[in-house]
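Given the coordinates of chain A, assemble chain B onto it according to the supplied hints.
If you read the sequences in order, they're chains A and B.
Under this note's numbering, the letters of the first sequence match residues 578 to 1453, in that order.
Under this note's numbering, the letters of the second sequence match residues 523 to 659, in that order.
No lab work stands behind these hints, which were simulated from the structure alone.
Keep in mind that this is a model prediction, so the values were computed, not measured.
Quick reminder that beta carbons are idealized off the backbone N, C-alpha and C, glycines included.
All the pointers check out, no bait thrown in.
Here are a few chain B residues that face chain A, going by a calculated C-beta distance under 7 Å:
1) C577
2) G578
3) I582
4) T593
5) A594
6) E595
7) R601
8) P624
Listed next, with one range per pair, are the computed distances between beta-carbon atoms:
9) I669/A to A656/B: 38 to 44 Å
10) P701/A to T605/B: 35 to 41 Å
11) E568/B to N761/A: 38 to 44 Å
12) V673/A to P542/B: 54 to 60 Å
13) T605/B to I669/A: 34 to 40 Å
Here are the simulated DSS-like cross-link-like pairs (lysine-lysine), alpha carbons at most 30 Å apart as the crow flies:
14) K792/A to K573/B
15) K1164/A to K1180/A
16) K650/B to K792/A
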Amino acid sequence: MFKLMIDGKEYAARPEQTILQVAKGKGIYIPTMCYHPRLALLKTCRLCLVDVEGAEMPMAACATPVLEGMVIHTHTDRVAKMRLEALKFLLINHPVECPVCDAGGECQLQDRMYEFGIDHNEYPRESRELPRIPYGTPLIRQWFDRCVMCLRCIQACLEIVGADVLEVAEHGFPSHVKAARIENCISCGECLHMCPVGALTEDLSSIKGRTWQLKRVQTTCPFCGDGCQLELNALVRRNVIVKVTTKGEVGINQGSLCVKGRFGYDFVNHPDRLQKPLVKKSGVFDEASWEEALNLVATKLQEIKENYGAQSIGGISSSRATNEENYLFQKWMRACIGTNHIDNGARLASGSSFYGMWASTGQPGMTHAMDDIVGADLILLVGADVYDDNLIFSNKMREAMRRNNAKIVLVDPRKTQWEKWANLWLRPFPGTDIAWINGLIRLLIERDAFLKEFIKSKTEGFEIMRFSLQKFSSDFVKEATGISSEDLEAVADLYMAAKKRGIVFGSGVTQHANGTEIVKALCNLALLTGENEEEGGGVYPVLSQSNAQGAFDMGAFSEFLPGHQRVDDPKAREKFEEAWGRKIPAKPGFTYGEMFDRILEGKIKALYIFGEDPFITLPNLERLKTGIRHLEFLVVQDQFMPHVGSYASVVLPGASFAEKEGTFTSMERRIQRVREAIFPVANSKPDWKILCDLSTRMGYPMEYRDPSEVMAEISSLVPLYAHARYQNLEKSGIQWPLASERKRRFFPIEYKEPIEQPIEEYPLWILPSGFHYHYGIGTTDKRAKGLAKVYRETALEINPDDAQRAGVNDLDPVKVISPRGEVETICRISQTLPEGIAYFATQFFPIPINNLLIPERDPVSETPEYRVCIGRIERR
Amino acid sequence: MIIPLLKGLWLTLRRFFSRPITIQYPEEKRPPAKRWRGIEYFEKDERGQTKCIACGLCMIICPSECIYVETAEDEEGRRYPLTYELDAARCIYCGYCEEVCPVNAIFMGKTYEWVVETRKSLVMDTEKLLEQKAYNS
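This is chain A alone, in the form it adopts within the complex (with noise of 0.2 Å):
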């Protein structure tokens, strides 16, 4: 520690600070404008002069460090003049047209002209006549003018997100940021955000309110797994919302989001939006009240109840609601109801990430917070496309290569983004992983290069796992998978030169019908070198959904009560019945896809659909058409109008997450508030409410006055959530704890070979997947005109050679066939994929791609195969 004085006084700093972050750190204050905490410093301000005693001129507080015995003065005269000067400099190439300015009320500039008493242009502005140029993104607009060069934006592209789309053109006075490399702009908004003045502004929306007079609400991202803290700010007359903002110290993001956070807001909205209550008289719907749709609601189930019994009805949850609404509709599903059969998304997308690490690592969900990746110094990326999917949980990864140099190892076999960063990229076939990963385990049992007191003491199962390794030497992982033995021997070398290894799977793992086997053989993997232990570098599965782990915890799947508690063990059962007072049926129930089956035998009666489109996220469309005429009664409760609900006799409108209050649980188990911004628009009301009412008026009455007293119960029956009452999540939410005390268990994982090949007839690997202007199935995004604009077009992207084959050219319309059904598309010429692997970027919707996939499950998960299938295309 050194010891140096600050204006006067005494302080201590550390030798590696600055004289700034030793002022900030004991809240002298500095004036700044280009510092920022989270970027390299840039040191084109000059207004954190100060003067050391004994340096000749005053130094720049953001860029000196601090020495023993350093004496300071933040505030002499001559430094006051110099930061003048230097701001005077500043708004030569800055109008003072605060008024007209989006950054007005929140500009650093502004301020600092106030602070310095400064109310107009001292020095005669030369006006620059800049063509207009287009920015990277048409969501932001570039005002050339007010641009003071701090050059934050062209550092926060570059540095935090990687974009590496801006740059400084031309030099000298008409320099100018320039957005280079337009084609590598993902609209994140990063620069936006970063921006200290109005020369970077949204222009999404058309009505601008002023910072003093938008209500701001601080609430979580809907929009993916990572919860990232924002805040909405809503127009309070009006009830819109008409911009979202961040705030650079709060949440797990900390100021960065990425485009369908920043500007996909407004399909909240949206005139799409269902108005009012619509009950089907005669096969048409007729708007009604909310008595009367909720009164037939629970009249019609009563009657279904009293005729086939409870197990006729089938209920469908969301893990897009929130923790509260899925704690009631089970709740009321199980209580009121009587009945097992609740399941909802999280299962499609990653159910099997909960299943295997549940049996692995005796947590199902992620192992260390988001920010532990920071530490690793191997990041292993496999079937996870996180720039675009998670893109702060990508930021964080790049934080890791940034500060500890951490080496990247990709498996993917489609080119992502992260292969410019990746040191090693493997390319499995599709649906191999299972090989590779244990022809990797066996590479590193044979160099002797695991933890034999960890797996003695806390594991079990080593020995049969090992056991069942023989036959994945390196000649037969390249048989299988394609992978060269020497690619597999470069990974286990920086394997095992690394010493955190971070793991990183996503969707590409899950979403297969072995989905369950390739998260235990990749947990096999961690438990070797005990990367899951807290001083490991973890293992992380990526969530799509943001709430997918809220509704796993909330017990809104077939086989659980809430807090993980099996619905078959008397013990939990019992807690739950005597803690709601009625009967909870012991058997499990059927899930999302057995449901469906389930219809078409005619057992399932009933069906209530809230926040979800089967029609979109099943296989095999047809067939589920034909089951749902089956349905003597469908309930769909939305915020849109979804496929499905023009086969349902009542349709419920319900709030976005702007207009409710509640919790989500992100994908490192962080539970966080979502706020209330806005009414509910039209004649919506917030489904949990939606809930107690029907619950109510069907003799189990709910009589909650908002969701806190949910929580509040929530908190008192699931140890897990045993602190998330209201009062606790004001600030950052808090992680639900990790403390299993079982032993962590290896399996023996089988490999087989994927369902499908392609053979003659149908020669290519078809991959569907999102991409990142959309989210989920795109109900809600769809219809944000903010990525509307930036929408890229669905594509079938393919490579060259098999194009030529197919004889299709670039943006040809093409079929695509497989052996279930086939779609109409476009077709784009792509060098990002190997040949015979082609990569669908789609949503599902409008295209239903559902046609095309095998209808095949996960036997433990019961994730369907959603990631590969077999096909061909032909013009048409």
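Positioned in the frame of chain A, the structure of chain B alone reads:
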């Protein structure tokens, strides 16, 4: 005793032949004082629309909180008030809005006649404020 009476009558008689000072309101209107602050009006720009850029400074400075502005941007990036509401019944005619306006769009006018049947008609919007300009040129 008779003298004061005659003095009074003399004054009365004199007034008969001088010019009257009463103003026959409402037929005849008294011009307001130079610094009179009456109902506000909007200045027009070269396109004949309001000069207001909806910066919201008047809204924030108004001590009686009688102004409400919603800002919008047209295709050319120009700002205009999507909603401008000035509740004249609440206005205390302090003139702060005129003083704070950075583009000289709003001015205190001279109109002082303000008798209406409903409170609602006392809420001025952009059109009404532009109309007021006619009485203030």
